[in-house]
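Could you put together the complete structure from these sequences and hints?
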Amino acid sequence: QKEVEQDPGPLSVPEGAIVSLNCTYSNSAFQYFMWYRQYSRKGPELLMYTYSSGNKEDGRFTAQVDKSSKYISLFIRDSQPSDSATYLCAIGKRDSWGKLQFGAGTQVVVTP
Amino acid sequence: DSGVTQTPKHLITATGQRVTLRCSPRSGDLSVYWYQQSLDQGLQFLIQYYNGEERAKGNILERFSAQQFPDLHSELNLSSLELGDSALYFCASSDRMGKETQYFGPGTRLLVL
Numbered sequence: 001q002k003e004v005e006q007d008p009g010p011l012s013v014p015e016g017a018i019v020s021l022n023c024t025y026s027n028s029a030f031q032y033f034m035w036y037r038q039y040s041r042k043g044p045e046l047l048m049y050t051y052s053s054g055n056k057e058d059g060r061f062t063a064q065v066d067k068s069s070k071y072i073s074l075f076i077r078d079s080q081p082s083d084s085a086t087y088l089c090a091i092g093k094r095d096s097w098g099k100l101q102f103g104a105g106t107q108v109v110v111t112p
Numbered sequence: 001d002s003g004v005t006q007t008p009k010h011l012i013t014a015t016g017q018r019v020t021l022r023c024s025p026r027s028g029d030l031s032v033y034w035y036q037q038s039l040d041q042g043l044q045f046l047i048q049y050y051n052g053e054e055r056a057k058g059n060i061l062e063r064f065s066a067q068q069f070p071d072l073h074s075e076l077n078l079s080s081l082e083l084g085d086s087a088l089y090f091c092a093s094s095d096r097m098g099k100e101t102q103y104f105g106p107g108t109r110l111l112v113l
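Just so you know, the sequences run in chain order A and B.
Following the numbering used here, the numbering of the first sequence begins with 1 at its first residue and continues without gaps.
Following the numbering used here, the numbering of the second sequence begins with 1 at its first residue and continues without gaps.
No lab work stands behind these hints: they were computed from the structure.
Computed from a predicted model, the values in this text were never measured in an experiment.
It is possible that some hints are incorrect.
Stated by the list, open to error - Here are the in silico distance ranges between beta carbons for each label pair: (1) 18(B) / 15(A): 42 to 52 angstroms; (2) 38(B) / 15(A): 23 to 33 angstroms; (3) 16(B) / 16(A): 46 to 56 angstroms.
Heads up, the beta-carbon is just placed ideally off N, CA and C, and yes, glycines get one too.
Okay, structure coming up:
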């Protein structure tokens with residue numbers, strides 16, 4: 001069983017819709033949570049990171065963490081065609097020297 | 001642009017061969033991480049170096065090795081290559097050992113024929 005599970009999609013939404021992405025993890029020892037965006041044939045780009053349960057907002061992006069359920073989410077408001085990419089969740093433990101566990105990535109397609 | 005550079009961008013080689021991938025971290029970053037991304041395995045952590053010393057190992061094969069040099073650039077050596085080693089190899093860097101925010105380079109696409 002993988003330590004972090006993520007639906008690979010693809011997830012297709014119309015422009016302007018809210019994109020909802022999520023991951024589940026199995027080990028409560030994970031303490032920090034990130035979302036990366038990866039365009040085709042490019043390196044992952046950090047979008048959001050958080051340490052605590054609750055919501056964190058940055059522009060059109062909101063990251064949500066529920067440690068009790070071991071569930072993390074990313075919401076993208078007012079989605080644009082330029083948001084079409086693969087979104088990867090990543091989780092880590094403070095005592096593991098930055099060794100991140102990545103989800104499989106969800107491919108998102110925003111159609112004009 | 002993350003500030004992390006990787007060379008070469010593309011590499012085509014044959015089974016049994018050896019290749020070296022190079023990574024230059026962001027200015028000031030002491031930690032370098034190597035990842036492999038394939039279609040069936042996703043993004044897998046391979047190894048981390050901090051200021052020249054190995055700090056963490058992940059799913060790295062014995063045929064693979066890495067090092068970080070005094071100028072902080074890093075090289076990943078892949079030997080006795082197999083078809084299944086074809087993948088994207090990413091380098092990431094961060095400014096501290098265990099610092100969570102990792103910045104990724106553009107990757108090296110390796111094709112083993």
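Outcome of the hint check:
1. 18(B) / 15(A): 42 to 52 angstroms: Given a distance of about 48 angstroms, which is inside 42 to 52 angstroms, the answer is holds.
2. 38(B) / 15(A): 23 to 33 angstroms: Distance hint for residue 38(B), residue 15(A) holds at roughly 32 angstroms.
3. 16(B) / 16(A): 46 to 56 angstroms: Holds: the Cβ-Cβ distance is about 52 angstroms, inside 46 to 56 angstroms.
The structure shown violates none of the earlier numbered hints.
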